[in-house]
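Asks: Using the sequences and the accompanying hints, generate a full structural model.
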Amino acid sequence: MNDLIKELYQEIILDHGQSPRNFGECDPHNRSADGHNPLCGDNLKLTFFINNEDVIEDIKFTGEGCAISLASASLMTEKLKGKKIHDAEEIFSDFTNLVSGTNEDLKVLNEEDSLYALKGVGGFPMRVKCATMAWHAFKSALKS
Amino acid sequence: MLDIKKIRDDFPILDKKILDNKDLIYLDTAASAQKPKVVIDEINSFYSNNYANVSRGVHTLSVESTFKYEDARKKVQKFINADSEREIIFTKSATESINLLANSFALKYINEGDEIILTVMEHHSNIIPWFLIRDRYKCNILFANIDSTGNIDQKHFESLISEKTKLVSITHLSNVFGTIVNQDIVNLCNKAGIPILLDGCQSAAHIPIDVKALGCDYYVFSGHKLYAPTGVGVFYGRENLIEELPPYQGGGGMIADVSTDGATFTDLPAKFEAGTPPLVEAYGLGVAIDYVTEIGMSEISEHELKLTNYALHKMKELDFVDIHGANGNKHSIISFNIKNIHSHEVSSFLDVEGVAIRAGHHCCQPLMKHLSLNSTARVSFGVYNTENEIDTFISALKKCRDFFTK
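In the order they appear, the protein sequences are chains A and B. Numbering-wise (the numbering used here), the first sequence opens with residue 83 and increments by one. Numbering-wise (the numbering used here), the second sequence opens with residue 62 and increments by one.
Think of the hints as simulated: they come from the structure by calculation, not from any bench. A few of these clues could be false.
Claimed, not checked - Derived Cβ-Cβ restraints for the label pairs, each shown as a range:
id: 1; chain 1: B; residue 1: Val124; chain 2: A; residue 2: Asp85; range: 50 to 60 angstroms
id: 2; chain 1: A; residue 1: Asp187; chain 2: B; residue 2: Phe464; range: 31 to 41 angstroms
id: 3; chain 1: A; residue 1: Pro207; chain 2: B; residue 2: Phe464; range: 13 to 23 angstroms
Claimed, not checked - Here are the simulated lysine to aspartate or glutamate pairs, EDC-like style, with alpha carbons at most 20 angstroms apart:
id: 4; chain 1: B; residue 1: Lys460; chain 2: A; residue 2: Glu93
id: 5; chain 1: B; residue 1: Lys460; chain 2: A; residue 2: Glu89
id: 6; chain 1: B; residue 1: Lys430; chain 2: A; residue 2: Asp116
id: 7; chain 1: B; residue 1: Lys78; chain 2: A; residue 2: Asp85
id: 8; chain 1: B; residue 1: Lys430; chain 2: A; residue 2: Glu146
id: 9; chain 1: B; residue 1: Lys83; chain 2: A; residue 2: Glu89
id: 10; chain 1: B; residue 1: Lys225; chain 2: B; residue 2: Glu173
id: 11; chain 1: A; residue 1: Lys88; chain 2: B; residue 2: Asp463
id: 12; chain 1: B; residue 1: Lys460; chain 2: A; residue 2: Asp85
id: 13; chain 1: B; residue 1: Lys467; chain 2: A; residue 2: Glu93
id: 14; chain 1: B; residue 1: Lys460; chain 2: A; residue 2: Asp97
id: 15; chain 1: B; residue 1: Lys400; chain 2: A; residue 2: Asp97
id: 16; chain 1: B; residue 1: Lys467; chain 2: A; residue 2: Glu89
id: 17; chain 1: B; residue 1: Lys83; chain 2: A; residue 2: Asp85
id: 18; chain 1: B; residue 1: Lys467; chain 2: A; residue 2: Asp85
id: 19; chain 1: A; residue 1: Lys189; chain 2: A; residue 2: Glu171
id: 20; chain 1: B; residue 1: Lys400; chain 2: A; residue 2: Glu146
id: 21; chain 1: A; residue 1: Lys88; chain 2: B; residue 2: Asp81
id: 22; chain 1: B; residue 1: Lys467; chain 2: A; residue 2: Asp97
id: 23; chain 1: B; residue 1: Lys459; chain 2: A; residue 2: Asp85
Said to hold, decoys possible - So, partial list: chain B residues that the calculated Cβ filter (under 10 angstroms) puts toward chain A:
id: 24; residue: His403
id: 25; residue: Met429
id: 26; residue: Phe464
We treat Cβ as the ideally placed atom computed from N, Cα and C, and that holds for glycine.
Replies: As structure tokens, this is what we get:
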């Protein structure tokens with residue numbers, strides 16, 4: 083088996099791809115955005131609730147996509163739930179660096195993080211958009 | 062029988078190794094074909110020895126370039142059996158060819174309430190130009206359904222035709238199903254006196270084309286799917302029809318006389334070729350046409366049909382593979398899904414095995430919605446593919462299924 087494939091499809095990715103966590107819609111929610119990959123048609127809807135203390139109290143998504151995009155969305159919701167917006171933005175920036183294969187120093191993410199499992203996407207440049215779709219939806223929901 | 066070994070030697074890229082030194086197995090010719098060495102070399106030679114702008118200067122290089130460019134037009138005319146080289150317009154792509162017709166035709170003939178018929182399996186490039194026309198002229202776009210084999214539902218198609226129908230524009234060979242349009246559909250349009258465009262992007266490289274025998278009024282195709290360089294497409298229109306159409310774009314090379322009051326336009330085909338054309342690319346297309354003609358389009362077609370049927374047979378033995386329109390008469394193209402595995406995963410997995418296939422919506426989102434699919438995987442064949450390559454593809458599919466369902 084090719085190492086790149088093993089690196090891309092780690093156990094945790096396959097698990098989250100097949101059984102995504104936080105799948106559904108937040109009720110109530112005060113932020114939402116759609117993610118869309120025009121290259122392949124994959125899409126998702128992200129909803130979350132930010133409380134008075136700028137904390138993401140709950141965050142969920144629905145949609146359809148490949149294992150990478152679903153796992154990334156699922157792991158993202160797990161990671162961001164309970165985080166302050168400022169911290170979430172730092173994670174966003176680290177994550178996009180991690181999967182785009184740049185060698186930027188990461189500020190908050192490390193090898194212990196489940197999100198680190200998506201590092202293998204860097205070996206498949208055409209799949210980076212799959213991994214970042216949910217994250218860009220998150221970023222655009224923050225702006226809305 | 063084709064001498065496949067010799068043909069494969071003509072394509073330098075087939076020596077490429079993928080990742081762990083895997084042989085490249087290129088099964089994505091429907092997206093774009095690889096280029097034979099003669100095409101690559103001739104483009105190099107044109108730039109090195111003959112290049113200047115066409116149809117303008119009177120110096121030696123301009124004459125040589127113009128001659129080569131116009132010679133390519135004659136080759137295209139012969140290749141699709143058009144009546145005259147005046148019917149062959151070079152564009153930058155098949156997409157531009159369709160946009161040309163959409164814009165020129167609409168300007169002359171389309172009014173509010175008129176109808177244009179497409180099918181749900183069209184490529185976006187044969188949908189969006191018509192949507193743009195619809196928005197501008199307030200006409201309607203009707204979509205003919207398809208049946209479970211990936212062919213046009215003829216009854217439904219027939220029911221859409223009325224006195225409001227101004228044009229029919231449909232794919233000649235579906236880029237998703239590999240099905241070839243039934244001649245009855247074209248005959249129906251001819252009988253009703255409705256002009257019909259056939260989108261030949263997937264047919265020109267894979268079956269012999271005779272626009273007169275087909276009975277189509279317009280035919281478009283791209284060079285890059287026919288072993289030619291990118292950046293050149295062809296628009297064919299019957300001379301008496303395109304004589305009447307106004308120019309699509311304005312610019313140099315398409316005028317007879319210009320004053321500050323206005324302009325008159327040149328004759329065909331220059332009327333539709335504003336600006337410096339993709340002349341080297343068009344020349345490259347001529348070289349590619351010579352290349353496939355020498356092998357023989359009928360022989361190529363037969364070889365690819367054999368490969369398609371071989372692959373279909375092998376794929377049908379795999380119970381985890383869903384073939385779309387499995388019972389249709391396919392040529393060169395097979396779309397499929399592996400149960401419960403997204404086409405992206407299939408394509409990435411096959412990639413590291415050296416097998417290049419397409420995954421996604423194939424620029425056919427209306428069709429994907431019609432099939433209730435998010436995306437499909439697709440294999441497509443060219444003159445250089447072999448049954449051995451299909452065997453490797455099949456065993457990679459098995460490995461892929463095992464990997465994701467362990």
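Asks: Look at each hint and say if it fits the structure.
Replies: These are the hints, each one checked on the structure:
no. : hint                                     : in the structure
1   : B:Val124 to A:Asp85: 50 to 60 angstroms  : holds, 57 angstroms
2   : A:Asp187 to B:Phe464: 31 to 41 angstroms : holds, 33 angstroms
3   : A:Pro207 to B:Phe464: 13 to 23 angstroms : holds, 21 angstroms
4   : B:Lys460 to A:Glu93                      : holds, 17 angstroms
5   : B:Lys460 to A:Glu89                      : holds, 16 angstroms
6   : B:Lys430 to A:Asp116                     : holds, 18 angstroms
7   : B:Lys78 to A:Asp85                       : holds, 16 angstroms
8   : B:Lys430 to A:Glu146                     : holds, 13 angstroms
9   : B:Lys83 to A:Glu89                       : holds, 18 angstroms
10  : B:Lys225 to B:Glu173                     : holds, 10 angstroms
11  : A:Lys88 to B:Asp463                      : holds, 13 angstroms
12  : B:Lys460 to A:Asp85                      : holds, 14 angstroms
13  : B:Lys467 to A:Glu93                      : holds, 10 angstroms
14  : B:Lys460 to A:Asp97                      : holds, 19 angstroms
15  : B:Lys400 to A:Asp97                      : holds, 17 angstroms
16  : B:Lys467 to A:Glu89                      : holds, 16 angstroms
17  : B:Lys83 to A:Asp85                       : holds, 14 angstroms
18  : B:Lys467 to A:Asp85                      : holds, 17 angstroms
19  : A:Lys189 to A:Glu171                     : holds, 11 angstroms
20  : B:Lys400 to A:Glu146                     : holds, 15 angstroms
21  : A:Lys88 to B:Asp81                       : holds, 14 angstroms
22  : B:Lys467 to A:Asp97                      : holds, 11 angstroms
23  : B:Lys459 to A:Asp85                      : holds, 18 angstroms
24  : His403                                   : holds, 4 angstroms
25  : Met429                                   : holds, 6 angstroms
26  : Phe464                                   : holds, 7 angstroms
Every hint, counting from the list given before, is met by this structure.
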